[in-house]
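Colleague: Read off the chains here:
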Amino acid sequence: MKKELLYTISAMPYRQPIPVYGWRFGGPQRMLAVMGAIRGDEYQQMYIAARLIHRLEKLEASGALSEEAGILVVPCAAQSSMNVSRRFWPLDNTDINRMFPGYEDGETTQRLAHRVFHALQGYHWGIHLTSLYLPGDFVPHIRVMKTGWQKEDEGLDFGLPYLIIRSPRPYDTVTLNYNWQVWETHAFSLYTKENSDIDPFSAEMAVDSILRFLACHELLQAELPPGQDTISFEESRMATFYSTQAGILFPQKYPGDKVAAGEVVARILDPCTTEVREEIRSSVSGEVFFLRSARLLPEHTIVCRIIPG
Amino acid sequence: MLQEVVSAQLPVGEKLAIQKNRIAGANPEARRIAVVTGTHGDELEGQYVAWKLARLLEKKRDRLHGTVDIYPALNPLGISTIYRGLPGFDLDMNRIFPGSSTETMYEYIAQGIVQDIAGADLCIDIHASNIFLREIPQIRINEKNAQELLPLAHFLNMDFVWVHGAATVLESTLAYSLNDIGTPTLVVEMGVGMRITESYGNQLIYGIFAAMNHLGMLDEPYIPVAPPIVSTDGHVGFVNAAESGIFLPRVSHVERVEKGQTIGIISNPFTGEISEKLLSPISGMVFTLREYPLVNEGSLIARVLGGAAS
Ligand SMILES: [Zn+2]
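Protein sequences appear in the order of chains Y and B. With this note's numbering as the guide, the letters of the first sequence map in order to residues 13 to 321. With this note's numbering as the guide, the letters of the second sequence map in order to residues 25 to 334.
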């Protein structure tokens with residue numbers, strides 16, 4: 013293991029320079045890069061990367077890494093935002109994960125994206141531990157963007173419950189995942205349950221899945237909990253349920269729960285009387301994949317996504 | 025006449041409603057223009073334009089043909105909270121068009137806005153830069169639509185037309201979405217966030233009347249407007265800060281500068297030193313100038329239009 017200073021952020025007056033570190037394992041080959049928090053509320057993402065560093069350190073010391081393995085893990089590049097409780101860049105609220113591949117002579121967050129990307133470029137595989145713009149909880153899964161360059165079958169090697177295939181929307185073209193693919197890295201996004209909190213259980217599941225991926229590609233020899241038979245699913249084919257009333261959201265089912273057709277997934281209550289304004293029922297049998305974590309919900313908004321089956 | 029465009033119920037006893045002021049003259053169906061603003065809650069230059077335009081049109085109603093729809097606040101919650109974006113939502117409102125009825129409330133609202141404006145003969149989407157930069161009155165056009173939009177842009181009485189490259193990410197703006205469905209839409213950028221520059225507003229209103237006259241919507245003798253400078257006639261030089269600190273300008277907005285001239289300094293209040301002198305990369309006119317004094321490394325300080333500005 014080698015802790016390495018990747019770059020230093022000294023973009024803000026009156027704040028001390030912020031070092032961004034990467035932890036290297038194995039040889040100098042660029043086989044796998046794992047990126048943790050890029051946004052200031054991605055605590056879970058930082059924690060997963062930190063746990064991965066902890067586990068890889070022991071595995072490397074025991075000689076479990078193959079000679080081919082060259083791994084970089086960056087737990088956090090979002091200190092400037094994280095330490096002041098902001099999700100995005102403190103001065104102008106811009107999102108580094110909407111600035112890739114970055115621009116060396118551009119505006120602040122374009123420059124930061126450039127530095128992150130420079131550190132993460134040229135790897136055979138890339139895993140971004142990331143969060144959705146919509147606060148909510150997921151069944152842990154790998155997400156692959158359909159760019160034409162994607163290697164979606166490799167997404168099955170993590171052994172997580174689901175591999176979700178997403179068709180990119182315009183704003184996806186400026187994310188790390190998309191630009192990794194443009195520069196020929198096989199890119200995956202890994203989503204777990206939490207975002208601005210830490211869920212140790214799904215974090216460990218995520219770490220196991222990354223180690224399993226390494227083992228599957230013969231870069232690691234280790235006893236790992238067996239993976240699941242990953243179900244591959246197009247995001248657009250999920251059954252999505254919306255609020256047609258506004259109020260307090262009371263979920264009745266949670267990510268990972270099975271539902272039968274007709275079952276109530278969530279209720280929306282009148283915030284001043286608790287009278288039930290709406291019962292959101294699944295029209296399909298399947299598994300709850302995504303659930304909004306917001307307590308107060310307006311109408312016309314996604315409440316949950318269910319994978320039929 | 026106030027009309028509701030689209031609305032959605034908020035969690036606790038309030039409705040988010042997008043409204044417009046419809047001012048109809050003779051043959052209201054014949055022609056329609058839409059003047060929209062307030063997508064970014066910290067941009068207020070368009071508020072003056074909406075107000076003044078409504079007042080002047082009331083006086084001109086007997087000479088008006090067709091319909092003028094004025095939408096002063098596409099993002100009422102952002103404006104009321106002095107917040108650029110959509111409160112409680114991570115995406116910029118100008119990145120969720122054309123909207124959708126199957127995602128979130130804001131995307132539903134965005135869809136309602138596009139459907140309401142669709143089919144207009146001209147849409148003018150007024151922005152006011154942001155709180156950081158002051159801009160001369162200008163129109164921004166995606167090169168993809170330049171051929172159709174440039175002739176219309178000439179009527180709006182703005183100083184500058186910037187034809188920019190077609191970045192994929194800009195495909196989710198209101199203007200892109202409307203142009204994509206054949207509703208010609210011009211984006212105006214002028215002034216600075218959180219402030220109102222009445223002279224810029226008056227200049228644009230004059231241009232809106234010229235455009236209406238061109239479209240046959242105003243029974244008034246046509247008064248010609250001065251042609252704008254178009255970016256493709258010259259080129260744009262960027263000045264970004266290499267150091268963080270407090271910016272002090274050494275030129276005025278719209279001033280002509282020579283290559284190598286000091287545009288401003290980054291001062292260090294700790295030491296009394298000058299951390300950086302920012303020099304103009306080209307000779308030309310300072311059409312964008314930093315307004316907000318605090319800068320980070322990389323912050324945009326100025327844009328200089330070379331060539332045609334001389
Ligand atoms: Zn704007």
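It is possible that part of the hints are untrue.
[Unchecked claim] Stretch-level coverage of chain B by chain Y, calculated; a stretch enters the list once three of its residues show a Cβ under 8 Å from a Cβ in chain Y:
| # | stretch |
| --- | --- |
| 1 | 120 to 127 |
| 2 | 135 to 144 |
| 3 | 205 to 211 |
| 4 | 260 to 272 |
| 5 | 310 to 322 |
No lab work stands behind these hints, which were simulated from the structure alone. Yeah, the Cβ is synthetic: ideal placement off N, Cα and C, and Gly gets one too.
Colleague: If you check each hint against the structure, which ones fail?
Modeller: As far as the earlier hints go, 2 and 3 are violated by this structure, in ascending order.
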